[in-house]
Amino acid sequence: MVPDPRRADGLRRGGWHSRPLGRDRGTVGRAGIRLDEGVRDQSRRGRPGARLRRGRERRPGDGAAPQPGADRRALARRRAQHRGPRDRGDLRPERAPDRHAPRPRRVRMTVPTPTLPPRRRERPADLWFRWGALLPAVVVLVLLTAWPMLNLLRMAVSTIEFTRAGAVFTFDPARNFNRLLGDRLFLSSLWTTVLFVAVSVVIEMVLGFLLALVVAGVPRGKGLVRTLMILPILVPPVAIGSMWKLMYNYDFGIVNQTLGLVGLGPIGWLSEPALALWSVVLVDVWHWTPLVFLILFAGVEGLPREVIEAARVDGATSWQITRRIILPLMAPAIAVAFVFRAILAFKVFDQIFLLTSGGPGTATEVVSLRLYHVFFQENNLGYGALLSIVLILAVIVFLVTAGGLARRVGK
1 MVPDPRRADG
11 LRRGGWHSRP
21 LGRDRGTVGR
31 AGIRLDEGVR
41 DQSRRGRPGA
51 RLRRGRERRP
61 GDGAAPQPGA
71 DRRALARRRA
81 QHRGPRDRGD
91 LRPERAPDRH
101 APRPRRVRMT
111 VPTPTLPPRR
121 RERPADLWFR
131 WGALLPAVVV
141 LVLLTAWPML
151 NLLRMAVSTI
161 EFTRAGAVFT
171 FDPARNFNRL
181 LGDRLFLSSL
191 WTTVLFVAVS
201 VVIEMVLGFL
211 LALVVAGVPR
221 GKGLVRTLMI
231 LPILVPPVAI
241 GSMWKLMYNY
251 DFGIVNQTLG
261 LVGLGPIGWL
271 SEPALALWSV
281 VLVDVWHWTP
291 LVFLILFAGV
301 EGLPREVIEA
311 ARVDGATSWQ
321 ITRRIILPLM
331 APAIAVAFVF
341 RAILAFKVFD
351 QIFLLTSGGP
361 GTATEVVSLR
371 LYHVFFQENN
381 LGYGALLSIV
391 LILAVIVFLV
401 TAGGLARRVG
411 K
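Residue numbers (the UniProt record's numbering): 1 to 411.
Any given hint might turn out to be false.
[As the list claims (entries may be wrong)] Ranges of calculated distance between the beta carbons of each label pair, as one might list FRET restraints: (1) T163 <-> G260: 56 to 62 Å; (2) P273 <-> L234: 29 to 35 Å; (3) F177 <-> I267: 54 to 60 Å; (4) V225 <-> F177: 29 to 35 Å; (5) A331 <-> V395: 21 to 27 Å; (6) P273 <-> V142: 42 to 48 Å; (7) L327 <-> G359: 36 to 42 Å; (8) G166 <-> V194: 34 to 40 Å; (9) R226 <-> G359: 36 to 42 Å; (10) L303 <-> F177: 36 to 42 Å; (11) A174 <-> F129: 19 to 25 Å.
It should be emphasised that the hints constitute simulated quantities derived from the structure, not laboratory data.
These numbers were taken from a predicted model, which means no experiment stands behind them.
All C-beta atoms, glycine included, are put in the ideal place defined by N, C-alpha and C.
Based on the sequences and whatever the hints tell you, model everything.
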């Protein structure tokens, strides 16, 4: 088929709204057909041009020598040089986006907020009923707390003397405060208390956390392990102090007998100033670690298993899972266990009193033992009341600080 000479002449002159497609690309006529650059040159030299169709070869009657597949190979080379969205199997030119075309409507994916019923205003009768129900508990709390605190403040600023007529209170606050500022025994007992609380609570937290992780990973026998761990908590502190005092005995204690089996001599666990405090710490750790274990074990059992399993599938190690997942999720339980144990450690008295009575010397004398000596051995009630107030204030400061840290860790 011979092409129309007018059409070829129009293509040679660039007519019929033909426009270039870019560098080294042909022209596009009215029908949107791309002309190869070589074909256009041949048409300018007087040879009739030919349209390129996809998947069609030149025919012998088109004015050129028959070359099977030549046009197809030329088109493939041209498309290989200019890869783009226009050359994905479509020979039609792309249309520029119309600025005046309507934009697609944006669909908002929103969740409807549940509407709560309007809050009913409480009647005065309901408020009076609530406060009336709470009034007995408030009265009992004031009588059991506020009244003893007021008497303690009265004793702290007075000098008390006992006569046949009764106790005589003499208002003299400077005397007790001056003694407090120069009392080295109280400062030593305060430092011993802080050291005892810090060491014992930290060891108990670490051991309790490790035991909770180990027991949580046991497939069977968790109930039996929990029962065995609770036993030290059920034993009274008096029995624990007496039992460990016999075990620490220098002559016939089981600890020194065990050391004798391996060739080591007997050690004065409670009579050496350098070892007495650490021996008491060991007893406290044995007694209260199960409590920390129970609190943290409940936290481990409440962790979402899906998060841990997903981390294991992603290839996380046991240390990474513990550090990145378990510890952050268990922060509230850890904070509760720490605060609870620290409060109990500040008030320790019975175990140390039965084991060492604060000795040797003042090596194990904590604040509670110092109060006992002032109240019942020196019979100085005013100064003992002042030491009690100082201890209460120290515990309150610790609780406020620990509570702030617990809230920060929980967030």
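Hints, verified against the model:
Roughly 58 Å separates the CB atoms of T163 and G260, a value that falls within the hinted 56 to 62 Å. At roughly 33 Å, the beta-carbon separation of P273 and L234 lies within the given 29 to 35 Å, and the hint holds. For F177 paired with I267, a C-beta distance near 43 Å fails the hint of 54 to 60 Å. At roughly 52 Å, the beta carbons of V225 and F177 sit outside the given window of 29 to 35 Å.
Our hint of 21 to 27 Å for A331 and V395 holds, since their Cβ atoms are close to 23 Å apart. Judged by the Cβ atoms, the range 42 to 48 Å given for P273 and V142 holds: they are separated by roughly 45 Å. At roughly 40 Å, the beta carbons of L327 and G359 sit within the given window of 36 to 42 Å. The hint said 34 to 40 Å for the Cβ distance between G166 and V194, and at roughly 39 Å that hint holds.
The hinted window of 36 to 42 Å between R226 and G359 holds, with their beta carbons roughly 37 Å apart. Between L303 and F177, the C-beta spacing of about 51 Å breaks the proposed range 36 to 42 Å. Checking the proposed 19 to 25 Å range against A174 and F129 shows it is violated: the Cβ atoms sit about 50 Å from each other.
Consistency with the previously given hints fails for numbers 3, 4, 10, 11, ordered from lowest to highest.
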